[in-house]
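First to last, the protein sequences are chains U and Y. For the first sequence, the positions run 1 to 304 when my numbering is used. For the second sequence, the positions run 1 to 336 when my numbering is used.
No lab work stands behind these hints: they were computed from the structure. A few of these clues could be false.
[To be verified] One side only, chain U facing chain Y, incomplete, derived with CB under 8 Å: (1) PHE121; (2) VAL175; (3) VAL180; (4) LEU282.
Idealized CB from N, CA, C, for every residue including glycine.
Take a look at the letters that make up each chain.
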Amino acid sequence: MARTLDTTPAVEPRTAGERPARRRFRQTAGRQHHAGPLTYVLLIVATVVSLFPLYWNVVAASHTGDRVVQAPAPLLPGSRLLDNLSFAWDQVDMGEALINTTVVAGLVAVSTVLFSTLAGFAFAKLPFKGRGMLLSLVVATMTIPPQLSVIPLYQIITDLGWFDQLQSVVLPSLVAAFGVFFMRQFLVEALPVELVEAARMDGAHSLRIIWHVVFPVARPAMAVLGMLVFVQAWNDFFWPFIALTPDGNPTLQVALAGLGAGNHTVDHAIVLTGALISTVPLLLVFAFLGKHIVGGITAGAVKS
Amino acid sequence: MATSVRATQDGTPPPAAPPSPPAPRGRRRRPGPGGWRSTLYRWDVKAIPYVFIAPFFLTFAAFGLFPLIYTGWLSLNRVELGGTPEWKGLENYTDLATSEFFWNALLNTFTIGVISTVPQLLMALGLAHLLNYKLRGRGFFRVAILAPYATSIAAATLVFAQLFNADYGMINSLLDWFGIDPVDWKNSKWPAQIAISVIVTWRWTGYNALIYLAAMQAVPQDLYEAASLDGASRWRQFISVTIPSIRPTIFFTIIVSTIGATQLFGEPMLFGGSVGISGGSGHQFQTLSLLMYEKGWITGSLGSASAIAWVMLALLLLVGGVQALVSRRNRKKQGD
Chain U
1 MARTLDTTPA
11 VEPRTAGERP
21 ARRRFRQTAG
31 RQHHAGPLTY
41 VLLIVATVVS
51 LFPLYWNVVA
61 ASHTGDRVVQ
71 APAPLLPGSR
81 LLDNLSFAWD
91 QVDMGEALIN
101 TTVVAGLVAV
111 STVLFSTLAG
121 FAFAKLPFKG
131 RGMLLSLVVA
141 TMTIPPQLSV
151 IPLYQIITDL
161 GWFDQLQSVV
171 LPSLVAAFGV
181 FFMRQFLVEA
191 LPVELVEAAR
201 MDGAHSLRII
211 WHVVFPVARP
221 AMAVLGMLVF
231 VQAWNDFFWP
241 FIALTPDGNP
251 TLQVALAGLG
261 AGNHTVDHAI
271 VLTGALISTV
281 PLLLVFAFLG
291 KHIVGGITAG
301 AVKS
Chain Y
1 MATSVRATQD
11 GTPPPAAPPS
21 PPAPRGRRRR
31 PGPGGWRSTL
41 YRWDVKAIPY
51 VFIAPFFLTF
61 AAFGLFPLIY
71 TGWLSLNRVE
81 LGGTPEWKGL
91 ENYTDLATSE
101 FFWNALLNTF
111 TIGVISTVPQ
121 LLMALGLAHL
131 LNYKLRGRGF
141 FRVAILAPYA
151 TSIAAATLVF
161 AQLFNADYGM
171 INSLLDWFGI
181 DPVDWKNSKW
191 PAQIAISVIV
201 TWRWTGYNAL
211 IYLAAMQAVP
221 QDLYEAASLD
231 GASRWRQFIS
241 VTIPSIRPTI
251 FFTIIVSTIG
261 ATQLFGEPML
271 FGGSVGISGG
281 SGHQFQTLSL
291 LMYEKGWITG
301 SLGSASAIAW
311 VMLALLLLVG
321 GVQALVSRRN
331 RKKQGD
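Let the sequences and hints guide you as you build the complete structure.
Written out as structure tokens, the structure reads:
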């Protein structure tokens with residue numbers, strides 16, 4: 001039974017991947033105007049503005065600190081990249097921060113995707129009392145900024161001896177309202193309620209339905225949500241900055257904040273090498289999976 | 001324990017509830033076909049939605065709601081870091097009302113918010129319009145303008161702090177090339193606020209453009225055809241077809257950007273370098289979040305910091321209220 005569900009055509013139109021998006025594009029914008037030269041010029045300008053700071057980050061990380069602060073600023077890469085990298089890795093412990101960040105972002109992404117899918121499925125397809133009200137509550141919580149919780153949380157983690165420990169940044173992020181809403185929006189349209197009912201008729205209990213019906217249908221959205229949450233957790237700043245210390249057990253962002261404040265060095269080449277180390281892994285993810293992330297952002301937004 | 005999934009090769013629907021063995025003790029006797037299996041089944045159907053949403057609500061209760069309320073209580077007390085609270089009533093709020101630092105931070109949050117949000121959303125709208133043409137390299141452009149979104153606040157700000165450096169930064173070199181005198185981006189008020197807004201704008205414009213693009217692609221084609229039959233120019237079509245059609249999305253991005261602008265913290269802090277925590281040497285770009293951090297973790301008065309947090313909540317509730325009003329009016333207009 002699960003086999004046949006896997007290939008249900010109903011899944012197709014909502015996948016966030018490349019092909020359906022293109023097909024939809026053709027349908028809706030097929031008769032639209034071709035771009036003129038001015039459009040290309042403007043888009044190339046936008047691309048250059050978007051990418052230049054990243055390029056210059058590489059340039060600055062490949063020179064000496066003295067060269068970086070000398071006018072005119074360097075425009076072409078120098079030869080010091082490996083030296084700077086090894087200095088940042090050994091002396092500033094960017095390596096440890098990289099591992100910490102990977103662990104935190106990985107745990108947060110997996111748990112958020114799992115819990116968001118369960119809750120999103122319940123909100124999308126299961127009838128229960130108070131569903132509409134509770135869903136509005138989920139959406140409303142998205143507007144509450146982290147500033148409202150950091151003071152008590154700081155006291156709690158200090159009391160528990162969790163200050164500067166990774167669990168203090170993982171636990172509050174185990175599931176996010178955004179994820180619940182995202183999965184709900186996807187499953188409302190992607191999962192035919194007949195599938196759930198048929199499985200119920202067969203006497204399948206809920207965990208079985210989750211495993212054999214919901215997960216196969218939700219997989220593309222789960223992947224996109226996982227990437228979005230991973231990026232967000234990787235780049236999270238405010239709470240990690242309070243809960244962790246640059247010299248103790250930092251994530252990359254906290255370590256960078258320490259570098260930026262001149263904790264280890266005022267060598268700007270090293271500071272920007274740290275920035276590079278924190279950015280490159282995500283840029284690699286984007287280079288390979290960017291199309292899917294783009295699809296995910298647009299898919300999530302149309303319905304919101 | 002698991003109720004079996006019955007394979008139905010012939011396609012006939014199985015009975016609604018699986019036949020159950022006779023209840024051994026018959027204590028939980030119910031009308032109709034029943035027994036522990038169907039009880040379990042019914043319990044499963046009824047309770048499981050709450051089980052599925054429980055992780056979110058438990059996490060929110062522990063790390064969102066409880067701290068929010070506790071922050072409210074703290075804001076009515078004098079609390080030192082690590083000390084015991086002492087009831088003060090509204091004193092923290094009245095202190096804020098007479099504090100020039102608070103009004104300065106509130107105003108800075110507002111001005112930086114406007115300078116970073118308005119051009120950002122307008123440019124995103126324009127970019128989305130361009131991307132909506134039939135294009136070569138569409139995928140490339142989309143990923144390229146999204147790359148800043150993948151860059152962290154810290155990394156982006158540290159790079160831009162160099163580009164905006166008054167002595168050797170590339171932006172002043174560029175201005176010099178156009179014959180404009182060098183600008184002291186960090187120490188003067190408006191240049192600093194503009195520089196910080198540039199960082200925010202750089203990170204978020206592409207993201208918002210993609211959201212607008214998705215909304216634009218959902219606009220029915222016949223609206224454009226009707227407009228062009230009426231002789232409307234492309235600009236006219238953009239103004240009177242595209243913009244009204246994607247109004248809910250525009251509205252959504254305004255709300256999200258406003259929420260983001262209210263909490264601005266990392267960009268001004270790291271842009272300011274050694275004086276970042278106080279928002280520049282003359283507090284010229286101290287935001288509410290920075291002031292809150294300074295009160296709580298530098299001065300050590302958590303009560304004041306909590307009061308600032310609640311002021312931020314009040315501001316956001318105000319924004320949310322306006323949003324609810326406007327979207328209700330919109331819905332009425334559409335006749336739903």
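Report task. Just pull the numbers of the violated hints for me, sorted ascending. Result -> none
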